[in-house]
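Visitor: Heads up: the sequence lines are chains A and B, in that order. Sequential numbering from 1 applies to the first sequence in my numbering. Sequential numbering from 567 applies to the second sequence in my numbering.
FYI, nobody ran anything at the bench for these hints, they're computed from the structure. Just so you know, not all the hints are guaranteed correct.
[Claimed, not checked] What follows is a list of derived Cβ distance ranges for each label pair:
1. 185/A <-> 1476/B: 51 to 59 Å
2. 1292/B <-> 524/A: 44 to 52 Å
3. 1429/B <-> 524/A: 54 to 62 Å
4. 440/A <-> 1181/B: 28 to 36 Å
5. 176/A <-> 1476/B: 28 to 36 Å
6. 395/A <-> 904/B: 56 to 64 Å
7. 1119/B <-> 395/A: 32 to 40 Å
The beta-carbon is built from N, C-alpha and C at its ideal position, and this holds for glycine as well.
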Amino acid sequence: MINKLTLRAFALALMVGFSGCDLDVTNTNEPDRDRALATADDVETLIASSYQQIWSMQHYWNNNLSHNMMSHRHTASWGNMGQNDFGREPREPMPNQSSYYWSYVFEGNWQDSYAAISAASDGIRAIEAGLEIGPGGERNPRATVFAKFNVGMALCYLGMWYDKAFIVDETTDVTSGLEFSSHDAVMTAALAKLSEVITEANATPFTLQEEWMPSTNGALSNTDLAKLATSYRARCRANGPRSEAEAASVDWSAVKTDATNGLQELTIVGTDADTWGTPAKPWWDGPKALGTEPNTWHRMHPDWHGMSDVSGNYQAWINTPLAQRVPFAGTTPDIRYPDEAVEADRGTRHEYKSSIIWPPVRGTYRQSHYADFRHEAYMLSCTYCYFGNITELTPYEMRLMVGEGALRTGDIATAVAVVNETRVGEGGLPAVTDAGTVPGGANCVPRKRYDPAGRCGDLRDAMIYEHFESVFMDSGGLEFLHGRRHDILPTGTAIHLPVPASDLEVLQYDLYTFGGAGNPGSAGNPTPPNIVPGSLDSALERAAWSLGAIQRRAEARAAQLDLVVR
Amino acid sequence: MLFNLSGRWNKRASALATTALSAWLFIGAAPLFAQGAVTGTVTDSESLSPVAGAQVFVAGTAVGTLSGAQGTYRLEGVPAGQQTITVRLIGYRELSQAVTVQSGQVATADFAVTQTALRLQDIVVTGVVGETPRVKLPFTVERLNPADMPVPAADASSLLAGKGAGISVMSGSGQPGQEAGITLRGPTSINASGRSQSPLIVIDGVIQSESATLADVGALDIESVEIVKGAAAASLYGSRAQNGVIEISTKRGMGMGNNTLDLMARGEFGMGELEGTLSSSWHHSLLMNDAGTKFIDTAGDEVDYNQFNTPGFGSQVLENKVNPGQAGSVQTAFNDKKFPSKLKDPIKEFFDPGETYDVYAAVTGRIGESSFRVSVDQFEESGVVHCSVCVENLDQLNSDRVAQGLAAFDVGIPTDEGYTRQNMRLNVDTRFGDLDIAASGFYSRSKQDDAAISNGSFSRLTFMSPAADLAEIDPTDGYPISNADPSSIEQNPLYLLAVATEVDERTRAMGSININYSPTGMEWLTVEANASFDRTDFSDVGIRPKNEETREGDFTGGSLRESSFTDEAVNASLTLGATQTVMDGDLTLRAKARYLVEDQGFVSSGVFGNRFSVADVPNFGAIVGETVGTNLVREIKAEGLFGIASADYKGKYIVDGLIRRDGSSLFGPEERWQTYYRGSVAWRLTQEDFWNIDWIDEFKLRFSLGTAGGRPNFFAQYETFGVSAGAIFPVNLGNEALKPEYTTEREAGVNFVFAENIGLDYTYAWALTDDQLLQVPQPAFVGFSSQWQNAGAISSKTHEISLRYSAIDERDTGLQFRLSWDKTDQMIERLDVPEYSDGPFGSVWIAAGRPLGEFWGAVGVQNCSDLAPTGVSLADCEANFQVNDDGYLVATGAGNDFTDGFSKQLWGTSVTVNDDSGTSTYPWGIIIEKFDYSPTCKAKNPTSYQSDCVLTNFLPMGNVTPDFNASWATNFRYKGLSVNSLISSSYGHTIQNGTRTWRMRSNRGGDADQGYKSREFRKPVAYQDAMYNTGQGGGWFQEDASWLKIRELSIGYTLPDSFVETMFGNVVKRLTLSAIGRNLLTITNYSGYDPEVGENAGSFTNIASDGFTYPNFRVYTFAAEMVF
């Protein structure tokens, strides 16, 4: 190219003064609309590509690590991905400013959602205008349904994450003034769109191209896509509520039905991401790669592993003022945890690390010795390149939604059955009784979260605990959204994201934010009910716990003496 | 003819003429027939250029004239007999010559005049219609001659540092082979991503390609540099001239005598060493055993420092110094405890002096009408990143191994090997009849080891503990221990330096040919054709070996990266020029028209692969992981036509005007062609008859108004859909109406020459760069994330003063001083996009009504009024807060002093006060972030800001734009001895010290060290963490970065000819020995390595900010130069 260029330019030098240049240069690196969408195949690719934006929300940085941490499952104090700021306690109003260094926490899902809607809607409009994909337009239904699927998913993520958003689809003229809709309205639109997808997908046979969604299931059929949309409809409906009170008004029967009838598993075949997410290799998962890497980036929050602890150390930690809290080792009958606080003794899912990887100056209250290695195979697939399969939707998530729906609709037996599937099968814990009681006495697991008295959990707590254990880093935000609807986010945690400052500024709206104790849009105190510090209940609970603790210490001392004597 | 009476000298001449005329009339003894004529040429002795406008007269008579455009003169009516002809022109030493005039005959007297040290008559060719003496310029063009550049620099970019007012040369990185960043009168673009804020560079007529670097161009070849600083002067270069123009001319053989040949050889050898260093903390805050010999880890065990976080051992535990025995917290732990082991300064282990050398040779010759100059140059600079202790330790280890019968380790040395460059240049000039042909060729090959930069060594170094020994060698593999400081998450910076390969290689070829035709008999006409090319081929290879260790002791599997690009620019032009003198030579008119074309092509590709199947085979065939590749193709086409004309009436009224029409493929189709113009006037009052101030030899007023453009980056105009891995997604909304940034600059100035030896120039330039090219975010629902638009304007005001004083200007002795001073203020006048942050730390705030280069971020509360916006009353504040010894307001509680933290056990407690949110609690004694209404919002809502603006902690911290820059050059010579110095300074700007900020992450910086303070003034680690602010720093790290440097100092001695002859016979004609120092001494309060530091971040290139760049270092050398 260069030689050709040289020759031409020298020829120009000879002809200089006699003729003018053609100053049109084509950008051959990236196409414009005409070239990108020149053929029906290109439009189909555009539609297919819009799923990558959905994938981005589920598996790239966006707000995934920050909000996982805000739910007190993952913990870290590095500034990266906003973790230090969003995990700091007491909670503060979120810095929704375009100048904020980690502003993509606010912007990621917002921009990805609308990018997906824009591309998918362009495709639908082209088809509606008469474009024929495939001979006689035989692939039009597939493209249309997949485009609507992505629009529905994008609206769902807007409804789940933001307090308000614009409802946009292929029928919307974005050049006219758009108005914000409430998150409920956005979610309603999302559910309607997913329902449309389910209906249309079931009506016409087709098979998605495998590379559109390269899963271990192979190429998804039309019914597979309908089932996937059904599962996501369950996810969207269940994860919309901002509080326990809002969750109560969800149609849990519909959730149960969808979770039961939907696709039970979606695992994407990962590709090498090069340097952490080069778009050339889209199928990778940042939060899984770092959010489970125990030597630099990840630990389990004490409020998670503390629920498994029967030693009393978690309660001691809870009862210590925030600034003085230091990481602790626990004792638990849950076999997913190591028996002993040593690195060589791993549980089936968790490990103990003697090291503390973050500077104490960031707050020892969020330090932890425990890590979750459920996605270790993916993380270790190679250094800074990831080949492993990536879970996106799992039977655990589906079953737990069925269980939660059952519990919320009074079907205790189903709820107990769901909880015991993993509790017994994977945790090695005694089954929750048919009456919904967590057995174990002084060694009961789980304990109530945030409970200064260390009381045993109930069926609801057991279900929350199994959710903790089973749906960690599978798909972006599930932990936070779960914690939000159960009112177990730490005090002052923002319950949703504001419209990003960057867009508010472009659209000339006032900036606003959420978060900080007592502020609108912030979580209340998650301390379990009936335990009011200083109350009689509290005193009795503490006394009971103290007696238990005394007994446990005595047993431990006796065991130690026995060891010495021998 | 009787010459015109103008100026001081003319008045004297007039008096002489009157006297002579009276004498002639009185005596009546000089018959008319006893006269002859004298003719000749006046040329510059140095450049051999004709000197026009020189006064040539017969001493003692009224006979005189001015030399013409070709330097020729003719004196009529010269009395017969022996006469003295004198040539006089400001800026030249007066020269006289005796000539015998015979009646009716024409005698010849040619003059080769020599310029005085002020060099007022230097010929300028850049930005003007044709060769123009500086003294007649209607705008500012700086010209640097060899005398202005007595100390050769490593390359052409750093050669310009401190050489003139309004020229900013920032060595943002000291990395050998790195080009210094040049800006003229400040940046002109708010967002320069994908393009440059640097001036257009032209070398011997070759317009450099966009990827070209001045680092390729050795300074020893340079003959002169002309610098055109702003649009008022640079309009000639149209849409590429917004940032000014620098035209470099290299040495040629044209000044040689016929059939002569000169050989020059020069060798320079020396060393470079780090001048500045970083202060470190030599104390810690950790819990130890009672004896102070061991640390206590989180498991309660006694451990050594290097056992923390290793398998089987716990982590660090903070000690509670306020309530001993209780658990420590960040508010009760202090970095004031001594380490039990001998400490090592990681900075000292990392840096060591390195070598530098430059061997240069040139042959210059002239044969008949042809001359040539060919030069070769070998330059090498190893830099200062070198661990000599590592080498010693490895030698010892290998010696021990050999003694044990084991093989010695043959491993890489922890060194950044620096930079090597080989250059060759050939310049040829010849004449065929009426054709003058000048051709230039240049080839350069260089290799740069950028291991220290690429592997993040400078950042990792800052986190290392003094208790770690970075230079300790791993006995299992011979490399520095990978995890030398297990308490840190960072690898040993010396480890990757030893195992990894990072090499950039570049070749550069430039060539130009210039053909000038001036037909005999039509000397007023010139036709000039020029063609040039500039090509850079670059490759980068990065190899991380298969057995590279992680911090945990695993192996990474390694990686391989190769990338390359080729960038080639081809330019051609055809020029018609005409010069005409009318009105009896009083008015000189010159005009030129030029058509030019440009074609530039850029091709790049890169491949990256992970995990080797076998070791030591850096081939993609050995990669078992996936490989990914990228490529890019770019082409730029441009076309232009301009006309320029100037008029010079009697050398006192000078008018200049041009218009240029520019077309470029970079502009949107609807704005493909743009027009630029310039108009300039100058009035030399000292040439007027009325001028009668004897001690002012030159007084010129000038004004110029010009426009110039700034081109968008290649991608800006296009609508783009991203395409990767088979996916398509919208990225950039195209803009068919995208046009260049458009600078309109006005420049007014005055030039003085006092008493023939003091030159003073003052220039005030004010400019508006409109149509700023900005990447405008789109509402998310549009789908495209952004669109490039012309959406803003910045203004710029520059004051420049240049003072030259020639104290002594004699044959054997010379003493000259040159002072340059400049000040530039820039303001964002208009912004049609929402305010946004950019640059390092995202701290450069772009907002209308704010200065360009302003850094924003967290600022510490310093007084009670700083707390007022949050609603803390003055009374509450005064009762509960105090300003501490760092100058920050901290919470102390009523009745307490900020020094009471220990004595009253207040550290770790908090203070609660009422405010607008009800109450707020402040940690005791800890720095407080200020919250206030954004100044930009406040300015827009002056009366309603309290309701319309929100409180923010993102506030102005400082500005990287200096209040002023200054430089002071001194050149002294006495016979063979010469002493040259250059002192330059920059005053009144701040820099965000990111390196210092990041050291706080691990409490490694000197700020964290509390061990040297008396107890009451110590601060807990929480205080330092508040300052760290998750790496984003704040006002407390926005440091005054004013500096004054001895940038150059050289002492040279040219040995007496007799001595040289004795030593070398006739082989060596001249021998000069020199001692040279560069960046010798820096005086500053800045706490980083060097206050002259810059980063590439956001859309900024080389913005003054400190973030782990290769530090600048000082260099001492000795040189010997021989002419044969």
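Visitor: Now, for every hint given, state plainly whether the structure supports it.
Guide: Each hint, compared with the structure:
Checking the proposed 51 to 59 Å range against residue 185/A and residue 1476/B shows it is violated: the Cβ atoms sit about 43 Å from each other. Against the hinted window of 44 to 52 Å, the Cβ-Cβ separation of residue 1292/B and residue 524/A comes to about 47 Å, which satisfies the hint. At about 37 Å, the CB distance of residue 1429/B to residue 524/A disagrees with the hint of 54 to 62 Å. Between residue 440/A and residue 1181/B, the C-beta spacing of about 53 Å breaks the proposed range 28 to 36 Å.
Roughly 53 Å separates the CB atoms of residue 176/A and residue 1476/B, a value that falls outside the hinted 28 to 36 Å. With their beta carbons about 58 Å apart, residue 395/A and residue 904/B fall inside the hinted range of 56 to 64 Å. Take residue 1119/B and residue 395/A: their Cβ atoms lie about 37 Å apart, and the range 32 to 40 Å holds.
The structure is inconsistent with the numbered hints 1, 3, 4, 5, although it conforms to all the rest.
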